[in-house]
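Asks: Dock chain X against the given chain G, drawing on the hints supplied.
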Amino acid sequence: MENNIITSVLLFVPLVGAMLVLLFPQKNAPLIRFWGLFVSLVTFVVSMVIYTGFDPSVSGFQFVHKIAWIPSLNITYYLGIDGLSILLILLTTFITPLSLISSWKSTGHKVKEFTFFMLLLEVGMLGVFLSLDIFLFYIFWEAMLIPMYFIIGIWGGKRRIYASVKFFIFTMAGSLVMLVAMIWLAVYASEQLGSFTTNLLDLYKVGPNVPHNIQSWMFLAFTLSFAIKVPLFPLHTWLPDAHVEAPTAGSVILAGVLLKMGTYGLIRFCLPLFPQSSIQFAPYISVLAIIGIIYGALVAMVQSDMKKLVAYSSVAHLGFVVLGIFAFTEEAMQGAIIQMVNHGLSTGALFLLVGVIYERTHTREIADYGGIAKIVPVYATALMFTSLSSIGLPGLNGFIGEFLILLGTFKSSVLGNWWFAVFATSGVIFAAVYLLWMYQRVCFGKVTHDKLNKLEDLNTRELVTLLPIFVFIVWIGIYPSTFLRLSEVFSNSLINYIMKI
Amino acid sequence: MIPSLQDLFNILPPVIIGAGILIALTLEMFVKPAKKIIPHFAFLVFLFTAYYSLMTMDKETYSLNTLMSGGGLTNILYFIFTFGSAIVVLISYDFIRKKDIVSSEYYILLMSAVLGMMIMASAKDFLMVFLGLEQMSVCFYILAGINRRNLLSNEASLKYFLLGAFATGFIVYGIAFIYGASGSLSYLVITNAIVTGQNITFLTIGLLLFIIGFSFKIAAFPFHMWVPDVYQGAPTTVSAFMSTTGKTAAFAVLIALLLPLFTVGNYQIFGPVLSLLAALSMIYGSIVAIAQKDIKRMLAYSSIAHAGYMLIGIAAGIPAGSAGVIYYLLAYTFMNIGAFGIVAYLEGVEETNLHIEDYAGLANQKPVLAALLSLFMFALAGIPPLAGFFGKYYVFVAAIKAGLVWLALVGIVSSAISVYFYLRLVVYMYFRENSKTITVFDSSYSMLGIIIAALLVIIVGVFPNTVVELITHFIS
Numbered sequence: 001m002e003n004n005i006i007t008s009v010l011l012f013v014p015l016v017g018a019m020l021v022l023l024f025p026q027k028n029a030p031l032i033r034f035w036g037l038f039v040s041l042v043t044f045v046v047s048m049v050i051y052t053g054f055d056p057s058v059s060g061f062q063f064v065h066k067i068a069w070i071p072s073l074n075i076t077y078y079l080g081i082d083g084l085s086i087l088l089i090l091l092t093t094f095i096t097p098l099s100l101i102s103s104w105k106s107t108g109h110k111v112k113e114f115t116f117f118m119l120l121l122e123v124g125m126l127g128v129f130l131s132l133d134i135f136l137f138y139i140f141w142e143a144m145l146i147p148m149y150f151i152i153g154i155w156g157g158k159r160r161i162y163a164s165v166k167f168f169i170f171t172m173a174g175s176l177v178m179l180v181a182m183i184w185l186a187v188y189a190s191e192q193l194g195s196f197t198t199n200l201l202d203l204y205k206v207g208p209n210v211p212h213n214i215q216s217w218m219f220l221a222f223t224l225s226f227a228i229k230v231p232l233f234p235l236h237t238w239l240p241d242a243h244v245e246a247p248t249a250g251s252v253i254l255a256g257v258l259l260k261m262g263t264y265g266l267i268r269f270c271l272p273l274f275p276q277s278s279i280q281f282a283p284y285i286s287v288l289a290i291i292g293i294i295y296g297a298l299v300a301m302v303q304s305d306m307k308k309l310v311a312y313s314s315v316a317h318l319g320f321v322v323l324g325i326f327a328f329t330e331e332a333m334q335g336a337i338i339q340m341v342n343h344g345l346s347t348g349a350l351f352l353l354v355g356v357i358y359e360r361t362h363t364r365e366i367a368d369y370g371g372i373a374k375i376v377p378v379y380a381t382a383l384m385f386t387s388l389s390s391i392g393l394p395g396l397n398g399f400i401g402e403f404l405i406l407l408g409t410f411k412s413s414v415l416g417n418w419w420f421a422v423f424a425t426s427g428v429i430f431a432a433v434y435l436l437w438m439y440q441r442v443c444f445g446k447v448t449h450d451k452l453n454k455l456e457d458l459n460t461r462e463l464v465t466l467l468p469i470f471v472f473i474v475w476i477g478i479y480p481s482t483f484l485r486l487s488e489v490f491s492n493s494l495i496n497y498i499m500k501i
Numbered sequence: 502m503i504p505s506l507q508d509l510f511n512i513l514p515p516v517i518i519g520a521g522i523l524i525a526l527t528l529e530m531f532v533k534p535a536k537k538i539i540p541h542f543a544f545l546v547f548l549f550t551a552y553y554s555l556m557t558m559d560k561e562t563y564s565l566n567t568l569m570s571g572g573g574l575t576n577i578l579y580f581i582f583t584f585g586s587a588i589v590v591l592i593s594y595d596f597i598r599k600k601d602i603v604s605s606e607y608y609i610l611l612m613s614a615v616l617g618m619m620i621m622a623s624a625k626d627f628l629m630v631f632l633g634l635e636q637m638s639v640c641f642y643i644l645a646g647i648n649r650r651n652l653l654s655n656e657a658s659l660k661y662f663l664l665g666a667f668a669t670g671f672i673v674y675g676i677a678f679i680y681g682a683s684g685s686l687s688y689l690v691i692t693n694a695i696v697t698g699q700n701i702t703f704l705t706i707g708l709l710l711f712i713i714g715f716s717f718k719i720a721a722f723p724f725h726m727w728v729p730d731v732y733q734g735a736p737t738t739v740s741a742f743m744s745t746t747g748k749t750a751a752f753a754v755l756i757a758l759l760l761p762l763f764t765v766g767n768y769q770i771f772g773p774v775l776s777l778l779a780a781l782s783m784i785y786g787s788i789v790a791i792a793q794k795d796i797k798r799m800l801a802y803s804s805i806a807h808a809g810y811m812l813i814g815i816a817a818g819i820p821a822g823s824a825g826v827i828y829y830l831l832a833y834t835f836m837n838i839g840a841f842g843i844v845a846y847l848e849g850v851e852e853t854n855l856h857i858e859d860y861a862g863l864a865n866q867k868p869v870l871a872a873l874l875s876l877f878m879f880a881l882a883g884i885p886p887l888a889g890f891f892g893k894y895y896v897f898v899a900a901i902k903a904g905l906v907w908l909a910l911v912g913i914v915s916s917a918i919s920v921y922f923y924l925r926l927v928v929y930m931y932f933r934e935n936s937k938t939i940t941v942f943d944s945s946y947s948m949l950g951i952i953i954a955a956l957l958v959i960i961v962g963v964f965p966n967t968v969v970e971l972i973t974h975f976i977s
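As you go down the protein sequences, you meet chains G and X in turn.
Going left to right, the first sequence walks through residues 1 to 501 as my numbering numbers them.
Going left to right, the second sequence walks through residues 502 to 977 as my numbering numbers them.
For reference, chain G alone in the conformation it holds in the complex (with noise of 0.2 Å):
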């Protein structure tokens, strides 16, 4: 196979932005945000090269960069795209400047480190999607830890040492256990194919054959730690936490972002690794998915905060996916995928918006709010429209998603019954309850508060970073295509192989 190198490319534009942060004088605040912005475009810029030359026609990992990295312990530095990472890449390298010009403003403060912990953020974020190797995956998936746990700690709200501590102890207990499982699959392989590897394609081939009642710890091992990340109903506490804490970036890129992770985990590791096991677990964690479903939407309708409302919604969308991957349809499976991208969108632009209000009134209450519509227009539109595209109104992103997953749920041979997408659905009446309901308090009625008169509507900068993701919300939900194409093969490949076992 031939080495591409553009793939490493990616990964150490950032990195190297990074250090070069470090170089810059820290008094010269704008300089620095703009090398950041510069960075980070460029970054998608890359993608984009990798976006045009990518074959989706092809099933298996393209662009791939291999070298032997610890030879003697068979380690490797291997990276590879597929249809299933390619979305959420460029995702990654969408959001991120996006959520560095968002936070022009409000990180007041060091920001040098803020730029610096942003960028290596991409770094991880990238190189847990790219990893091809488990051991490199989890360098990338442990290293990442630092820069969210400065950004809560550093930039965020009150309770931020709190957050910014819960999130990377739970998220490391997770991850613990999955090393050890990573180390114990290594060891099996070494009995089955002769030497210890922990290449991921190499691995696809053993843990089929792990014995039964060991496969099922090495799956639960695994779940355990992107159940976490995801988050999945009852690990799901250090989320609103975080979020709520979290600057307003950091919001996004939690939201946008790391939440993939979990999910992209799912169907990266669990599934092709320990396929009997998945389908055995499956019912449990579709039920599992369903209460956070329920639970998430109902948590959120009481939320007297608006950041928090929208970081309890993610608890419910996600949901969502997680039914999404365990329903074993290729119409499910391609729904997951894609509303994955769709939660990145459309909860990001709700931390936006969410972030732009606080900056200007210091207060994310609902009931500080009420009647703005009539000051801020734009803004009130705004936030309409990314409402409804996260509740699933038909024409935008949302629907797409939910809709391919509720119908896959629904023929899901694996799950039998069509109870889970008759929950499922009440999820999305839910979702319309609390956004709607909120939305109404802030943006109609009488102006409630005297101080509201004098707000401000989206300045240029703002509209800058809500437009290109409006842009997304209404392509997918027009012509989706353009991005299910992406992940068709790979989806179809996938339950296949796995239904076939």
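Errors might be hidden in some of the hints.
These stretches of chain X come out as covered by chain G in the derived footprint (C-beta under 8 Å, 3 or more residues) [claimed, not checked]:
#1 881-892
#2 897-906
#3 928-942
When the alpha-carbon atoms are kept at most 27 Å apart in a straight line, the in silico BS3-like pairs for lysine-lysine are as follows [to be verified]:
#4 Lys-158(G) to Lys-27(G)
#5 Lys-599(X) to Lys-937(X)
#6 Lys-454(G) to Lys-308(G)
#7 Lys-158(G) to Lys-937(X)
#8 Lys-599(X) to Lys-536(X)
#9 Lys-533(X) to Lys-599(X)
#10 Lys-158(G) to Lys-308(G)
#11 Lys-937(X) to Lys-110(G)
#12 Lys-867(X) to Lys-158(G)
#13 Lys-110(G) to Lys-166(G)
#14 Lys-158(G) to Lys-794(X)
#15 Lys-308(G) to Lys-446(G)
#16 Lys-867(X) to Lys-937(X)
#17 Lys-374(G) to Lys-454(G)
#18 Lys-110(G) to Lys-27(G)
#19 Lys-660(X) to Lys-794(X)
#20 Lys-794(X) to Lys-937(X)
#21 Lys-205(G) to Lys-902(X)
#22 Lys-867(X) to Lys-105(G)
#23 Lys-451(G) to Lys-374(G)
#24 Lys-166(G) to Lys-794(X)
#25 Lys-105(G) to Lys-308(G)
#26 Lys-867(X) to Lys-27(G)
#27 Lys-451(G) to Lys-308(G)
#28 Lys-27(G) to Lys-937(X)
#29 Lys-110(G) to Lys-867(X)
In case anyone wonders, no lab produced these hints; they're calculated from the structure.
Beta carbons: idealized from backbone N, C-alpha and C, even for Gly.
Replies: Using the frame of chain G, we list chain X on its own:
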């Protein structure tokens, strides 16, 4: 038996250090500005020995019949001792002057202790082990109390001496049993005795006593009681020295003795014992460290936990396990010297700035030091891609290979717990505002030492292959 020149040549690194000690003592007596010269001299001797050990690694030999070994693994250990000590000299230089500690003796004692460690690492005979151990320990006792005017330092020294002597008692008693059972003090003969199974009961008792004695030295639970008090009371740079190179020397003895017993002798009886010690040390160290407010005490409990991780590798009883321990020791030496180095840098003339709250807002006052200390904390917590992570990965792989999955699971539980207290320091430095500005004496020597340690933690962590290949090459 009269040693020939060839014998000395085969174990040249300890000979160089020995000669260095003699020269330094002479300088001290006859040259006026010895105070200035000796630290530089010690640094150069350490650095040269480290270099020489690396260069002569592939010549594996024995010396003095089979009393000592040279080359190979022994030289890797020499390198850890001497290079680690070179960094300790760097972080000590201004610290010693700040604390007004008698300077020349300090560096000469460092060299003497290293000589003892080298003898331990190369010993293939219980008598040599004992000689090396006492040489090292006596220097440690003095070094712990070298800050004479400080009460805590005196207490540390006395406590260490009493408990150390107690541990030595175990070791000598064990050696007596072993000698009685096998009629020899050589590892080789004893491994053979295990294979043939003669007097196995007394051999086992002897070995068990020996292992208990060494558990004191490596600071494993439940033989750890001296550790927090001694690491807290001893001058900070001495704690850095004892907790890294001293631990390495003690582990070197355990590896050299136990690995052949496990593999050649197929003698598994100590496996469960060591596993239990490992599990208890990890959990105890991590949990108790959470309650610590004093940074040196926290690092002391963390040192107990790390002894546990390393014991996993030994308990696994396979070459890969021991290779993992040696990698871990190398990584730990740099991480811990770095961390203690920064603590020493920030410490005041009296024992101030040692409380965790003194570090609040340090990122504003000393951004570089705060960043470096965070790096060491992340490394100690085992976050990739730093050296501490690969060390853990390596010993966990060995444990799982040897079928000790439960021990690896205990290891990850304790790692997850330990994240909390390592992160807490980062929380204080970055997420809290300074309640007061602390007075810090800047020292470019210390800074150099800390930066070297940090670079090694990164390089050895990201590119572990060379080190791993060297170790696995020589261990098999």
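Asks: Now tell me, hint by hint, if it's right for this structure.
Replies: Hint check results:
no.: 1; hint: 881-892; verdict: holds (count 4)
no.: 2; hint: 897-906; verdict: holds (count 5)
no.: 3; hint: 928-942; verdict: holds (count 4)
no.: 4; hint: Lys-158(G) to Lys-27(G); verdict: holds (26 Å)
no.: 5; hint: Lys-599(X) to Lys-937(X); verdict: holds (21 Å)
no.: 6; hint: Lys-454(G) to Lys-308(G); verdict: holds (25 Å)
no.: 7; hint: Lys-158(G) to Lys-937(X); verdict: holds (21 Å)
no.: 8; hint: Lys-599(X) to Lys-536(X); verdict: holds (14 Å)
no.: 9; hint: Lys-533(X) to Lys-599(X); verdict: holds (21 Å)
no.: 10; hint: Lys-158(G) to Lys-308(G); verdict: holds (14 Å)
no.: 11; hint: Lys-937(X) to Lys-110(G); verdict: holds (20 Å)
no.: 12; hint: Lys-867(X) to Lys-158(G); verdict: holds (24 Å)
no.: 13; hint: Lys-110(G) to Lys-166(G); verdict: holds (23 Å)
no.: 14; hint: Lys-158(G) to Lys-794(X); verdict: holds (24 Å)
no.: 15; hint: Lys-308(G) to Lys-446(G); verdict: holds (24 Å)
no.: 16; hint: Lys-867(X) to Lys-937(X); verdict: holds (13 Å)
no.: 17; hint: Lys-374(G) to Lys-454(G); verdict: holds (12 Å)
no.: 18; hint: Lys-110(G) to Lys-27(G); verdict: holds (9 Å)
no.: 19; hint: Lys-660(X) to Lys-794(X); verdict: holds (22 Å)
no.: 20; hint: Lys-794(X) to Lys-937(X); verdict: holds (17 Å)
no.: 21; hint: Lys-205(G) to Lys-902(X); verdict: holds (20 Å)
no.: 22; hint: Lys-867(X) to Lys-105(G); verdict: holds (26 Å)
no.: 23; hint: Lys-451(G) to Lys-374(G); verdict: holds (14 Å)
no.: 24; hint: Lys-166(G) to Lys-794(X); verdict: holds (20 Å)
no.: 25; hint: Lys-105(G) to Lys-308(G); verdict: holds (22 Å)
no.: 26; hint: Lys-867(X) to Lys-27(G); verdict: holds (16 Å)
no.: 27; hint: Lys-451(G) to Lys-308(G); verdict: holds (23 Å)
no.: 28; hint: Lys-27(G) to Lys-937(X); verdict: holds (24 Å)
no.: 29; hint: Lys-110(G) to Lys-867(X); verdict: holds (14 Å)
Taken one by one, the earlier hints all hold for this structure without exception.
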